[in-house]
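J.: Spelled out, the chains give:
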Amino acid sequence: MSFLDATSYRLPNSIYRSEAILASLKPYLQYARVRVTDITNDSSKIEVEVEQRFESRSREIKGELLNYILASSAVRGLKAMD
Amino acid sequence: MPSFEDVFQEVGDNDVSFEINTEVYPVRVILGACYIFIDKAYIYLDEAAGSRFRVFMRSKHDKVSTKQIAGEFLNELLNQRLQQEIDRETGRIRELLVAQAFSDFQLLQGEAHPTEGGGTTERTKPPSYKDDPYDIGRLQGLG
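One line per chain: the protein sequences are A and B, in this order. Counting in my numbering, the first sequence runs from 1 upward without gaps. Counting in my numbering, the second sequence runs from 83 upward without gaps.
In isolation and in its complexed conformation, chain A is listed as follows (with noise of 0.2 Å):
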C-alpha cells in the first residue's frame, strides 16, 4: 500500500505552515473533498476524499496536493527565515 492510498494525513506544523495549507487548497477542490481539522494547535490533519470520477487518478492527486502545500510551505517558511 502507498502512502498515497491514505485518506488523511498529519502535516507537523515545524514543516507544513497553516496559511499554506489553507492557501494550496483551492485548485484541488474540483478533484476532492478535502477536511481540515487541528489547524491551530500542533499539528494540522488534512482529510482528502477524491472524487468518486477522478478515483483512477486519485493517488496523482493526493500527491499533488501534498506537493503544493510542501512547496507553498517551504516558500513562505524559508523566506520567513532569511
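Keep in mind that the hints are not guaranteed to be accurate.
From the structure, some residues in chain B lie toward chain A, with a derived Cβ separation under 7 Å [said to hold, decoys possible]: (1) 92; (2) 94; (3) 100; (4) 106; (5) 110; (6) 117; (7) 124; (8) 126; (9) 129; (10) 138; (11) 221; (12) 224.
Calculated from the structure, these hints are not laboratory results. Beta carbons are placed, not taken as given, at the ideal position from N, Cα and C, and that holds for glycine.
With the hints as your guide, set chain B onto chain A.
T.: Relative to chain A, chain B alone:
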C-alpha cells in the same frame, strides 16, 4: 555496520521511506531539498521520534525508481547544507558587493564619499594589495 541500502525502507509498490535527523539537516535544508524534488516525486513528511522527520517518497514516473530519486535527494540535502554554511560565512560580503555594484556612491573604503552639503570629499588613492589595508596577510599568517 548497516549498509547504505538499510537507510531506505520500501513501502508498497515503488514507495520509499527514510528518516532525516534535523540536528544534521535543519528544517531550512530539508525545505530547500524538497522544493527541488517536487517535480520528480510525491513527497510527504511526518514527524518521527526525537528530532527526526520521516520522508515518504514516490516517483512520479513509473520508469524511474524511487530509490534512485531518494539517493539524489540525500545528496541534495548535503548540497543545501553546504550552501547554508557558505552563505553563513560569505553572505555579508556578497550583499556588500551587490550593494556596491548597484550604488552610485562608493560604499567601500578609498574612494570619494558624498558629504551633507552635496559635494564629495577628496578622492584618496585606491588601496593597493601591496599596502594590505585590510590586514589580510596578517590574518592569514603571511606577514
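J.: Now tell me if each hint is right for this structure.
T.: Comparing the hints with the structure gives:
no.	hint	verdict
1	92	violated, 11 Å
2	94	holds, 4 Å
3	100	violated, 13 Å
4	106	violated, 16 Å
5	110	holds, 5 Å
6	117	holds, 4 Å
7	124	holds, 3 Å
8	126	holds, 5 Å
9	129	holds, 5 Å
10	138	holds, 4 Å
11	221	violated, 29 Å
12	224	violated, 35 Å
Hint compliance for this structure: hints 1, 3, 4, 11, 12 are broken, all remaining hints hold.
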